[in-house]
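Got chain A sorted already, so can you dock chain B onto it with the hints?
Protein chains: 2
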Amino acid sequence: MSGHIVNHEALTAYISDLMQTQGVPADEARIIGEHLVEAEMFGVTSHGVSRTSTYMKRLHEGVVNAKWSYRIDAETQSIVKWDACNSMGMVTGVKAMQEAIDRAKESGICLVAANHSNHFGMAGYYARMAAEQGMLGICITNAPPNIAPTGSSRAYMGTNPIALAAPRNGRPVILDMATSVVAMGKLVVAQKLGKSIPEGWALTAEGKPTTDPNEGVKGTMMPIGGYKGYGLALFVDIFCGILADAETGPHMNNLWHDFVNPQNVGHCFCAIDISKFLPLSYFTEKMERMIAEIKALPKIEGVPEIYMPEEIEFAKRDRAVQEGIPLADAIYNELAEQGGIYGVEMKI
Amino acid sequence: MSGHIVNHEALTAYISDLMQTQGVPADEARIIGEHLVEAEMFGVTSHGVSRTSTYMKRLHEGVVNAKWSYRIDAETQSIVKWDACNSMGMVTGVKAMQEAIDRAKESGICLVAANHSNHFGMAGYYARMAAEQGMLGICITNAPPNIAPTGSSRAYMGTNPIALAAPRNGRPVILDMATSVVAMGKLVVAQKLGKSIPEGWALTAEGKPTTDPNEGVKGTMMPIGGYKGYGLALFVDIFCGILADAETGPHMNNLWHDFVNPQNVGHCFCAIDISKFLPLSYFTEKMERMIAEIKALPKIEGVPEIYMPEEIEFAKRDRAVQEGIPLADAIYNELAEQGGIYGVEMKI
Chain A
1 MSGHIVNHEA LTAYISDLMQ TQGVPADEAR IIGEHLVEAE MFGVTSHGVS RTSTYMKRLH
61 EGVVNAKWSY RIDAETQSIV KWDACNSMGM VTGVKAMQEA IDRAKESGIC LVAANHSNHF
121 GMAGYYARMA AEQGMLGICI TNAPPNIAPT GSSRAYMGTN PIALAAPRNG RPVILDMATS
181 VVAMGKLVVA QKLGKSIPEG WALTAEGKPT TDPNEGVKGT MMPIGGYKGY GLALFVDIFC
241 GILADAETGP HMNNLWHDFV NPQNVGHCFC AIDISKFLPL SYFTEKMERM IAEIKALPKI
301 EGVPEIYMPE EIEFAKRDRA VQEGIPLADA IYNELAEQGG IYGVEMKI
Chain B
1 MSGHIVNHEA LTAYISDLMQ TQGVPADEAR IIGEHLVEAE MFGVTSHGVS RTSTYMKRLH
61 EGVVNAKWSY RIDAETQSIV KWDACNSMGM VTGVKAMQEA IDRAKESGIC LVAANHSNHF
121 GMAGYYARMA AEQGMLGICI TNAPPNIAPT GSSRAYMGTN PIALAAPRNG RPVILDMATS
181 VVAMGKLVVA QKLGKSIPEG WALTAEGKPT TDPNEGVKGT MMPIGGYKGY GLALFVDIFC
241 GILADAETGP HMNNLWHDFV NPQNVGHCFC AIDISKFLPL SYFTEKMERM IAEIKALPKI
301 EGVPEIYMPE EIEFAKRDRA VQEGIPLADA IYNELAEQGG IYGVEMKI
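If you're matching them up, the sequences are chains A and B in order. For the first sequence, the residue numbers in this note's numbering are 1 to 348. For the second sequence, the residue numbers in this note's numbering are 1 to 348.
There's no promise every hint is true.
[Unchecked claim] Pair by pair, the computed Cβ-Cβ distance ranges are: (1) B/Gly43 x A/Ile341: 34 to 40 Å; (2) A/Pro279 x B/Leu280: 34 to 40 Å; (3) B/Asn214 x A/Asp258: 50 to 56 Å.
What the hints contain is simulated information worked out from the structure, not anything from laboratory work. Glycine included, C-beta positions come from ideal geometry on N, C-alpha and C.
Looking at chain A on its own, in the form it has when it is part of the complex (with noise of 0.2 Å):
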């Protein structure tokens, strides 16, 4: 069998350690290896460890900036315009959303809005953060264009995801969904093994449905309930793009293609209180009782259980921690590459 298993506190160890040799601090290193390890073992693996090179090249060229700072434009209690600084886009995510949570404390809601940025990874991230500190979180991102507005052809808004979480007795409930049918590394992958595609992923450059993955990857990925899913998308740029003052679609530099120009994204991180509202525990207890419910309404037939959002994303990483995380040939030794190009061991 090809493939490794290997220890998650070991490949957070080998991350962090790459991304210090690019003058990252250690303890923004740290958070950067956390995420990408944490995307990996949630199954998320377009925003896993493979990202590591592309990040890695951006901090050798100088394209984002390896030690964190920020500054804040205008605040209230309850908002901050934030400029990232063109920090990396994780540990701005973390301090950020950080910060929503610690104004929240005191104002019940806090919505930090950023621009200035870089890719940050899984935006449900950001928004668990708050979930595990008993509070509703929410995370948005914009990003480069991948899907058209209705009627159009050409892409203008990312795949822009929008991420929900909310404390239960236990892992809480994550929402962390693009706002496109399917991702685009979907139709990479079905290339890459020469298979067809379901009508309704994606549209030709024309604007056509198709079911060739090489005619959608030319064309644009469709967003989900049609003018709903544009729409939500747009919602996302006008949050990220316009009040937080980043850059809308086309305007956004692509961060697999550009190593010159700053990406300048744009993300909104909202934090909110429960215990402002009501107690915790009150929350919580009603939480779990209709998370009962719903697992105890009648499955269709051949469906073993159901799921709570993500629940099967923390089964797998929880499985992971114990058990060792599963990497393909070709990732690992991109990862060992790395080693080799930034001077440091590979002890995973």
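Showing chain B alone in chain A's frame:
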């Protein structure tokens, strides 16, 4: 040709007069009349003047309180836990969103979470209020069950709509979407016309895809994007049923069938004061730039124009204000009948 063309002002006044016969104060009756007529003019006829008879019956039976009242259970400058005291949903909606807007002028953001409310019509109406006052508006509400969690054949969540609004120069951009692919009303129409429905709208009572509207109305409405729409509808219930402390899905009493027990619907209203982040004129200019760019994108063959969310509906509305509102005979006659029952002369 059957049908009537009626003046919007006369129609509003007539509905307002009807409501006042049941003890609704004049200014509150006006809010309800304006809302129903606005929905009718927007083409959201499912939430339009055909609802008048149900609202009248609920007022007459005393299952909803005729006079608006509310109680604040908990508050900061930026959040309000609002008890709607079983008032008419549309009056609560206008008052609660205005409260959110007024507080956001100080704090930059305010979230009002209301329980013990009733059906409040179009969520987009309240989000629009914020946009018309230079703010970003968000409004969500839960509703009786219509959507099944992924894997179940039984509905739990309502079609739980999400509304978002943003100011621009001129009419705001508004997204007002149910989290189901289509509203249940579309199945009822297909039933009446003896037509089949597209696959992807509804599931049978066994959770199987169907193109038969008769099977669909006995089953559940499909959420947008599969598990994504399930997650969105679930989070609307978390915010409106649990944070706001109203009922969740199946515990909510149905406004069409139950004229004894209050509904206990929950809503959330959020206003974000853009001027606390950056100058409003800068925001609206960036909105206009984005909209101009989207409208200039290449169009799919046969598409005359790329529209912003609700742009078409605003055009319909403005035409109806100028030229009158077309009402089908059945709707017109039902309205006339209400006048007979409650002793109000219909002059429309």
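Hint check results:
1. The beta-carbon spacing between B/Gly43 and A/Ile341, approximately 60 Å, falls outside the hinted interval of 34 to 40 Å.
2. One distance hint, 34 to 40 Å for the beta-carbon pair A/Pro279 and B/Leu280, holds here, with the actual separation near 38 Å.
3. Between B/Asn214 and A/Asp258 the beta carbons are some 55 Å apart, a value that agrees with the proposed interval 50 to 56 Å.
Going through the hint list in order, the structure does not satisfy hint 1, though it satisfies all others.
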